[in-house]
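Order-wise, the sequence lines are chains Y and X. Numbering-wise (numbering that gives the first Met the number 0), the first sequence opens with residue 0 and increments by one. Numbering-wise (numbering that gives the first Met the number 0), the second sequence opens with residue 0 and increments by one.
Don't take every hint at face value.
Under the rule of at most 27 angstroms between Cα atoms (straight-line distance), these lysine-lysine pairs were calculated in the DSSO-like manner [unchecked claim]:
1. Y:K107 - Y:K221
2. Y:K107 - Y:K78
3. X:K14 - Y:K78
4. Y:K107 - X:K175
5. X:K14 - Y:K107
6. X:K14 - X:K133
7. X:K60 - Y:K78
For the record, the hints were derived by calculation from the structure and aren't laboratory data.
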Amino acid sequence: MSEILNIQGLYKNFGDNQVITGIDLSIDKGQVVCVIGPSGSGKSTLLRCVNLLEMPDGGSILFHGQDILGIPPSSLHAKIGMVFQQFNLFNNLTALNNCVAGQMKVLKRSKADSVERAMFFLERVGMLPYRDALPAQLSGGQKQRVAIARALCMDPEVLLFDEPTSALDPEMVDEVLSVIRTLKDGGLTMVIVTHEMAFARDAADRVVFMDAGRVVEDGDPKALFTAPKNPRTQAFLARTLRG
Amino acid sequence: MPTTFFGWIAFLLEKYWLLFLSGAINTLLIAVVGTVCGFIIGLMVAIVRTITLRRGASRVKRFGLQAARGFLSAYIEIFRGTPMIVQAMVVYYGASQYLGINIPALTAAFLVVSVNTGAYMAEIVRGGILSIDKGQTEAAIAVGMSHWQRMTTVILPQAIRNILPSVANEFVVNIKDSSVLNVISVTEVFFQSKSAAGTYFRYFEVFFITAVIYFILTFTFTRLLRLLEKKLSGASSYTVYGSQSSYAAEIEVKKE
Numbered sequence: 000m001s002e003i004l005n006i007q008g009l010y011k012n013f014g015d016n017q018v019i020t021g022i023d024l025s026i027d028k029g030q031v032v033c034v035i036g037p038s039g040s041g042k043s044t045l046l047r048c049v050n051l052l053e054m055p056d057g058g059s060i061l062f063h064g065q066d067i068l069g070i071p072p073s074s075l076h077a078k079i080g081m082v083f084q085q086f087n088l089f090n091n092l093t094a095l096n097n098c099v100a101g102q103m104k105v106l107k108r109s110k111a112d113s114v115e116r117a118m119f120f121l122e123r124v125g126m127l128p129y130r131d132a133l134p135a136q137l138s139g140g141q142k143q144r145v146a147i148a149r150a151l152c153m154d155p156e157v158l159l160f161d162e163p164t165s166a167l168d169p170e171m172v173d174e175v176l177s178v179i180r181t182l183k184d185g186g187l188t189m190v191i192v193t194h195e196m197a198f199a200r201d202a203a204d205r206v207v208f209m210d211a212g213r214v215v216e217d218g219d220p221k222a223l224f225t226a227p228k229n230p231r232t233q234a235f236l237a238r239t240l241r242g
Numbered sequence: 000m001p002t003t004f005f006g007w008i009a010f011l012l013e014k015y016w017l018l019f020l021s022g023a024i025n026t027l028l029i030a031v032v033g034t035v036c037g038f039i040i041g042l043m044v045a046i047v048r049t050i051t052l053r054r055g056a057s058r059v060k061r062f063g064l065q066a067a068r069g070f071l072s073a074y075i076e077i078f079r080g081t082p083m084i085v086q087a088m089v090v091y092y093g094a095s096q097y098l099g100i101n102i103p104a105l106t107a108a109f110l111v112v113s114v115n116t117g118a119y120m121a122e123i124v125r126g127g128i129l130s131i132d133k134g135q136t137e138a139a140i141a142v143g144m145s146h147w148q149r150m151t152t153v154i155l156p157q158a159i160r161n162i163l164p165s166v167a168n169e170f171v172v173n174i175k176d177s178s179v180l181n182v183i184s185v186t187e188v189f190f191q192s193k194s195a196a197g198t199y200f201r202y203f204e205v206f207f208i209t210a211v212i213y214f215i216l217t218f219t220f221t222r223l224l225r226l227l228e229k230k231l232s233g234a235s236s237y238t239v240y241g242s243q244s245s246y247a248a249e250i251e252v253k254k255e
C-alpha cells in the first residue's frame, strides 16, 4: 500500500506547555487508524496539526511526500477533511447548504453539481429528509452526520475525526459510528481520535496509543487490546475497559 | 402676528412647512447614506483587521498587513477621538482651501457622516465577529475557505444578526447628530430651523417643532428597525427533528 501521510519528528507547544513531543507516524492509503489515549495526551492537537488548524513548532508533515506547509491552504483542506467534536455546522445555513457552500466556493463546482453531490452524501448518512433543516433544529447525532456529509462532499483523500462521538448521548453514538463504518467499506483513509474502545477494536486497521505527547504503542487492534506490550498502555486499557 | 404659543406654531408651520420638510428629508437622507456607507466601511475594516497570516507567509504580505492594520487603527482612533462637528469643518474648509475643491455641502455631509460612522461600525462589527463561536471559523477553514469566503458565507451573516441592535442605534444617533452639519451650511432640519427662527425671532416655537420632527424621525425608524430585527431572527416557530425517545419525532417549538 502506498503511503499518504508521513509525520516526522512533530513538536507542538502552547507556551511552556509541551503538547506533542516528537511524533513519527506513517499512514497508508485506505488505512483506518484510531488514536486512543488519556485526555491531554495530545491526540486532538496531532489531528489539528495535520490540517494546519495548529501550526507545528517542529518536524514536518508530508502529504503524498510533499510538505503540507507548501500546499496552498484551499487544496490542502479540501484533500484533508475534518470532523469536529462539536460538529461546527455553519449555523446560518441549512443542512444542504452546509454541504454545498464548500464545493461551490472552494472547488468552484456549479450549483447543480454541488447540490447533486450534497444530496448523494446526505442520503448516504441518512440525512436527506432533513436537508432543509437548520443546525439548531437537529439533534447532536444528526448534526454530526451532516458534518460528515459536508466533509465528504469535498472529496477528501483523508478524513480526520476529532472525538466525533464525545459530545453525543449514548444512543446517538451508534448512528454516527455506523456511518463511519460504511466509509471504511468505501476505502477512505481515516484517522479517528476516539474514546470508543469497542469501535477502535472492531473497526480500525491499526490503533495508536498516545500518552504525554508521544506515541507509546502502535499496532494491530486485536494485539494491542488483548496483549498490550507497554505498561502505560496496559494501565490505560485496564482502567477503560473495566469501566 | 399670533399672540399665543399654538398660534405661533400654526403660523410657523404654515409659513415654513416646506423648509421643515426639506430639512427633514435631508436629515433622513444623510442618516441613511451615512449609516449604510458607514456599515459597509465597518464591514470592510473588520474583515481586514481579522486577517491572520499563517507562519509561512511572505515578508511582503506580512508588511502589507501590518501597514493596513496600522492605517485602520489610526483611522478608527482619529475619527472616534474627534467631534464630528470639527471633522466637518476640517473636511469642508480643508478641501476648499488646500485642494481647491468646492465640495457641495451635502456631499461633504455624506462623506463626513459615512467615514465617522464607519469608525464606530468597525468596532461594532469586530465585536460581532468575536461573538461567533471559534468552531465556525475552524470548520470553514477545514473545508478550505479563504478568509474572505469564511467571512462572507459563514461569519458575517451570523455576526450581522447579532449586531443589528447596535447598527440601528447608530442610525438613530446619525439622525440626531447630523444636526452639527449646520456649521458647514448643510440644509438639514436644524439649519432650516435656524433660518426659520431668525425671521421672527421665535426660537422657542420653531425649535419646539424641530424637536417634534426629530422625535418622529427617530421613533418611526427605531420601530421599523425593530421589525426588521424580528424578521431576521427567523420564523416565530420551528420544528426540531428527532428526539431521544423517538427517532422520527417532529417537535414544534414556539419562540418567545
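Cross-check of the supplied hints:
no., hint, verdict
1, Y:K107 - Y:K221, "violated (43 angstroms)"
2, Y:K107 - Y:K78, "holds (15 angstroms)"
3, X:K14 - Y:K78, "violated (73 angstroms)"
4, Y:K107 - X:K175, "violated (46 angstroms)"
5, X:K14 - Y:K107, "violated (63 angstroms)"
6, X:K14 - X:K133, "violated (59 angstroms)"
7, X:K60 - Y:K78, "holds (25 angstroms)"
Of the hints listed earlier, those the structure fails to meet are numbers 1, 3, 4, 5 and 6, in rising order.
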